[in-house]
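Novice: Heads up: the sequence lines are chains A and B, in that order.
The first sequence begins at 1 in the working numbering and counts up one residue at a time.
The second sequence begins at 349 in the working numbering and counts up one residue at a time.
Since the hints were derived computationally from the structure, they do not count as laboratory data.
Incorrect hints may appear among the rest.
Restraint ranges, calculated between C-beta atoms of paired labels, are given here [to be verified]:
1. P248/A with L413/B: 11 to 21 Å
2. T385/B with K70/A: 21 to 31 Å
3. E369/B with N71/A: 24 to 34 Å
4. D415/B with D46/A: 27 to 37 Å
5. E369/B with A187/A: 51 to 61 Å
6. I430/B with N71/A: 29 to 39 Å
7. N227/A with S392/B: 41 to 51 Å
8. G373/B with G85/A: 31 to 41 Å
9. E263/A with E423/B: 47 to 57 Å
10. E82/A with E423/B: 38 to 48 Å
11. D46/A with R412/B: 43 to 53 Å
12. G24/A with D404/B: 51 to 61 Å
13. E285/A with G363/B: 18 to 28 Å
14. P56/A with T351/B: 22 to 32 Å
Chain A is faced by these chain B residues, among others (derived, beta-carbon under 10 Å) [as the list claims (entries may be wrong)]:
15. F368
16. V384
17. L388
18. D390
19. G393
20. V399
21. G405
22. G410
23. G411
24. R425
25. V427
Even glycine gets a Cβ: it sits at the ideal position worked out from N, Cα and C.
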Amino acid sequence: MAVVLSVGTRKGLFLLRPGGGGSGWDVEGPLLPGWSVYHAIVDPRDGVLYAATNNPFYGATVHRSNDLGKNWERAEEIGLPEESGLKLNATWHIEPGRDSELWLGGDPGVLFRSDDGGLTWEVNRSLLEHPTRERWQPGAGGMCCHSIQLVNGTMYIAISAAGAFRSEDGGGNWRPINKDVAADFHAEKYPEVGQCVHKLLAHPAKPERLWQQNHCGVYRSDDRGDNWERLDGNGLPSGFGFGLALDPDDADVAYVVPEESQEYHYTSQGRLGVYRTADGGKSWELAANGLPERAWAAVLREGCTFDDANVYFGTQSGSVWTAPQGVSSWTEAVRDLPPILSVEAAAV
Amino acid sequence: MATVLLPGTLAAEAGGQKRFELDAGTVGEALRQLPVTNLLFDESGELRRLVNVYVDGVDARGGRLLDEPVTEQSEVRVVGAIAGG
Numbered sequence: 001m002a003v004v005l006s007v008g009t010r011k012g013l014f015l016l017r018p019g020g021g022g023s024g025w026d027v028e029g030p031l032l033p034g035w036s037v038y039h040a041i042v043d044p045r046d047g048v049l050y051a052a053t054n055n056p057f058y059g060a061t062v063h064r065s066n067d068l069g070k071n072w073e074r075a076e077e078i079g080l081p082e083e084s085g086l087k088l089n090a091t092w093h094i095e096p097g098r099d100s101e102l103w104l105g106g107d108p109g110v111l112f113r114s115d116d117g118g119l120t121w122e123v124n125r126s127l128l129e130h131p132t133r134e135r136w137q138p139g140a141g142g143m144c145c146h147s148i149q150l151v152n153g154t155m156y157i158a159i160s161a162a163g164a165f166r167s168e169d170g171g172g173n174w175r176p177i178n179k180d181v182a183a184d185f186h187a188e189k190y191p192e193v194g195q196c197v198h199k200l201l202a203h204p205a206k207p208e209r210l211w212q213q214n215h216c217g218v219y220r221s222d223d224r225g226d227n228w229e230r231l232d233g234n235g236l237p238s239g240f241g242f243g244l245a246l247d248p249d250d251a252d253v254a255y256v257v258p259e260e261s262q263e264y265h266y267t268s269q270g271r272l273g274v275y276r277t278a279d280g281g282k283s284w285e286l287a288a289n290g291l292p293e294r295a296w297a298a299v300l301r302e303g304c305t306f307d308d309a310n311v312y313f314g315t316q317s318g319s320v321w322t323a324p325q326g327v328s329s330w331t332e333a334v335r336d337l338p339p340i341l342s343v344e345a346a347a348v
Numbered sequence: 349m350a351t352v353l354l355p356g357t358l359a360a361e362a363g364g365q366k367r368f369e370l371d372a373g374t375v376g377e378a379l380r381q382l383p384v385t386n387l388l389f390d391e392s393g394e395l396r397r398l399v400n401v402y403v404d405g406v407d408a409r410g411g412r413l414l415d416e417p418v419t420e421q422s423e424v425r426v427v428g429a430i431a432g433g
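Could you put together the complete structure from these sequences and hints?
Specialist: And the structure:
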């Protein structure tokens with residue numbers, strides 16, 4: 001088994017594989033030229049590569065490839081029912097589920113399910129018709145459902161800016177889980193819904209533990225989102241950011257990439273800095289060995305990922321960085337790609 | 349048989365085919381026969397806002413758009429709208 005990185009960019013998809021002899025990375029692409037790839041993932045169940053693809057002229061869709069990008073099929077049916085009065089603005093995140101399930105998050109705050117490998121997609125009615133929907137607002141990136149997590153039969157989703165939601169019945173019902181999560185831009189600072197989650201992850205080995213990088217801080221929950229603790233006063237230069245990564249072997253470890261502020265979407269203090277906590281967010285340390293000390297980069301919400309061995313992130317300036325878990329030192333795997341929207345790692 | 353010409357991204361989605369000879373009486377009839385209809389039309393069946401169609405070099409949005417008549421000699425060209433800098 002070898003790792004392959006799926007790097008979604010504004011100008012297509014790139015696949016990165018470790019080069020021969022263990023040095024450097026081989027770059028394949030652009031695949032799907034003409035499409036902005038908001039997220040791409042290799043389904044660990046069958047090796048099918050899926051991409052959430054968007055084009056300013058031809059709309060939002062999903063592509064799938066059975067042979068890692070050599071040939072592609074496009075979704076046949078995807079869209080919102082006419083009676084909703086809504087139209088699909090963008091596809092954002094694809095997440096394999098149980099059995100044959102495949103989930104897709106999109107804008108405007110919608111979730112789809114496919115049971116035929118991504119050819120047809122059925123909208124999740126419970127979320128589409130959620131009683132709080134009228135209180136949701138689009139963030140700068142639209143009203144995107146960007147985080148989908150499935151752990152031990154529980155589903156979590158996060159929408160910017162609607163907040164985080166949990167379902168115990170496979171998407172039949174969605175309960176807001178935003179207690180004590182700030183919405184500083186809102187008239188009511190701690191509303192039931194309307195929070196601007198930038199990324200939400202559940203720890204794979206400790207499923208009751210959730211992390212979120214929010215527009216208004218970094219948070220951890222130890223009770224599946226019923227309560228949240230704000231963590232960004234403990235060494236982080238800013239609570240604002242997008243990327244988030246974890247360590248599968250240690251639930252107390254998390255990585256974030258703080259940005260200066262909501263007004264200035266570049267790395268905090270003019271350096272490309274990843275911050276790591278090893279104590280559940282009680283304290284954070286700069287883990288930037290190997291990263292440029294002067295850089296005004298930006299890492300988007302799908303731009304960070306991890307596996308058992310490594311942490312990866314891609315920048316809007318087209319570089320992919322890798323480091324072993326624990327981050328002794330970062331290595332630039334590739335540079336000068338188009339602006340990077342997403343990075344995923346898979347063993348194939 | 350009207351001729352329909354597709355730009356690069358759509359042609360790639362149509363298996364690499366850029367040129368289609370189609371039996372159609374209107375622009376709409378021609379476009380709906382293409383293998384990329386769900387990229388040209390949204391879920392409501394409306395032509396996407398930034399998709400322009402030219403019939404023999406004339407912008408069909410200035411005419412009857414999907415109801416614009418085409419003949420066997422017509423050339424229907426699909427073009428993404430010019431946007432940005």
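Novice: Measuring from beta carbon to beta carbon, are G373/B and G85/A in 31 to 41 Å?
Specialist: Given a distance of about 32 Å, which is inside 31 to 41 Å, the answer is holds.
Novice: Determine whether the Cβ-Cβ distance between E82/A and E423/B falls within the hinted range of 38 to 48 Å.
Specialist: violated (33 Å)
Novice: Close enough to count: is the Cβ of V399/B nearer than 10 Å to one in chain A?
Specialist: The hint holds - V399/B has a Cβ within 10 Å of chain A, the shortest such distance being about 6 Å.
Novice: Against chain A, with CB atoms and a cut of 10 Å, does the hint on V384/B hold up?
Specialist: Given a least distance of 8 Å, the restraint on V384/B holds.
Novice: For the range 47 to 57 Å, tell me whether the beta carbons of E263/A and E423/B fit it or not.
Specialist: holds (50 Å)
Novice: Just tell me: holds or violated, for the beta carbon distance of E369/B and A187/A against 51 to 61 Å?
Specialist: holds (59 Å)
Novice: Let's test the interface hint: is any C-beta of chain A closer than 10 Å to that of R425/B?
Specialist: violated (14 Å)
Novice: Identify whether the interface hint at G405/B stands, where standing means a beta carbon of chain A within less than 10 Å of its own.
Specialist: Because about 20 Å separates G405/B from the closest Cβ in chain A, which is outside the 10 Å limit, the hint is violated.
Novice: State, for the Cβ atoms of D415/B and D46/A, whether the hinted interval 27 to 37 Å holds or is violated.
Specialist: violated (45 Å)
Novice: Go through the hint on G410/B and say holds or violated, using the shortest Cβ distance to chain A against 10 Å.
Specialist: Violated. Min distance 19 Å.
Novice: Would the hint on V427/B be counted as holding, given a Cβ-Cβ threshold of 10 Å to chain A?
Specialist: holds (9 Å)
Novice: Okay, P56/A versus T351/B on CB: inside 22 to 32 Å?
Specialist: holds (26 Å)
Violation of the numbered hints given earlier is confined to hints 1, 4, 10, 13, 15, 21, 22, 23 and 24; the remaining hints are satisfied by the structure.
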